[in-house]
Amino acid sequence: MRIKKHPILDFPQNRKVLTFTFDGVEVHGYEGDTVASALYALGIIKLSESIILKRARGLYCSIGNCSSCQMIVDGVANVKTCITLLKEGMVVNTQTNKGEINAL
Numbered sequence: 001m002r003i004k005k006h007p008i009l010d011f012p013q014n015r016k017v018l019t020f021t022f023d024g025v026e027v028h029g030y031e032g033d034t035v036a037s038a039l040y041a042l043g044i045i046k047l048s049e050s051i052i053l054k055r056a057r058g059l060y061c062s063i064g065n066c067s068s069c070q071m072i073v074d075g076v077a078n079v080k081t082c083i084t085l086l087k088e089g090m091v092v093n094t095q096t097n098k099g100e101i102n103a104l
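Numbering follows this note's numbering, with no gaps: position 83 of the sequence shown is 83.
Hints in this document: simulated from the structure, not taken from any laboratory. All residues carry an ideal CB built from backbone N, CA and C; glycine is no exception. Please note: incorrect hints may appear among the correct ones.
Unchecked claim - Taking CB as the label site, the calculated pair distances span:
#	residue 1	residue 2	range
1	Ile63	Thr94	32 to 40 Å
2	Glu31	Ser62	25 to 33 Å
3	Asn14	Gly64	39 to 47 Å
Stated by the list, open to error - Once the Cα atoms are required to be at most 25 Å apart in a straight line, the calculated DSS-like pairs of lysine-lysine come out as:
#	residue 1	residue 2
4	Lys46	Lys87
5	Lys46	Lys4
6	Lys4	Lys16
7	Lys46	Lys98
8	Lys5	Lys16
9	Lys4	Lys87
10	Lys98	Lys54
11	Lys16	Lys98
Using the sequences plus the hints, can you model the full thing?
Here it is, written out as structure tokens:
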């Protein structure tokens, strides 16, 4: 599900492959991907669930204005994955609740 060739847009070639973990499974994305775009390219479209009805949530605005793409990233809840760049070794988990607020 990744666009590799486009008649107008130019996509960088030979980007570095990044390995990360999604819900306990090792997967791969590319340097320059956001967490959400890397998952979407892998065919993973459910990123979280609605709190009350538990309906699937995925990419919606893709600019960080909504909360549909919030996930747990490296142990931090409520991360907007549509604007969070993918990094080597990240641990990403589906968020199925409101997330925890860690006391300082």
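We went through each hint and held it up to the structure:
About 21 Å separates the C-beta atoms of Ile63 and Thr94, a value inconsistent with the hinted range of 32 to 40 Å. The hinted window of 25 to 33 Å between Glu31 and Ser62 is violated, with their beta carbons roughly 19 Å apart. A hinted range of 39 to 47 Å for the beta carbons of Asn14 and Gly64 is inconsistent with their spacing of about 28 Å. About 20 Å separates the Cα atoms of Lys46 and Lys87, which keeps this hinted pair within 25 Å; it holds.
Our distance criterion of 25 Å between C-alpha atoms is met by Lys46 and Lys4, whose separation comes to about 23 Å. At roughly 15 Å between alpha-carbon atoms, Lys4 and Lys16 fall within 25 Å of each other, so this suggested pair holds. Using a Cα cut-off of 25 Å, the hinted pair Lys46 and Lys98 holds, with the two alpha carbons roughly 16 Å apart. The hinted pair formed by Lys5 and Lys16 meets the criterion: a straight-line CA distance of about 18 Å does not exceed 25 Å.
Between Lys4 and Lys87, the direct Cα distance comes to roughly 21 Å. Compliance with the 25 Å bound is thereby established for this hinted pair. Our distance criterion of 25 Å between C-alpha atoms is met by Lys98 and Lys54, whose separation comes to about 11 Å. A hinted pair counts as satisfied when its Cα atoms are at most 25 Å apart, and Lys16 with Lys98 does not qualify at roughly 33 Å.
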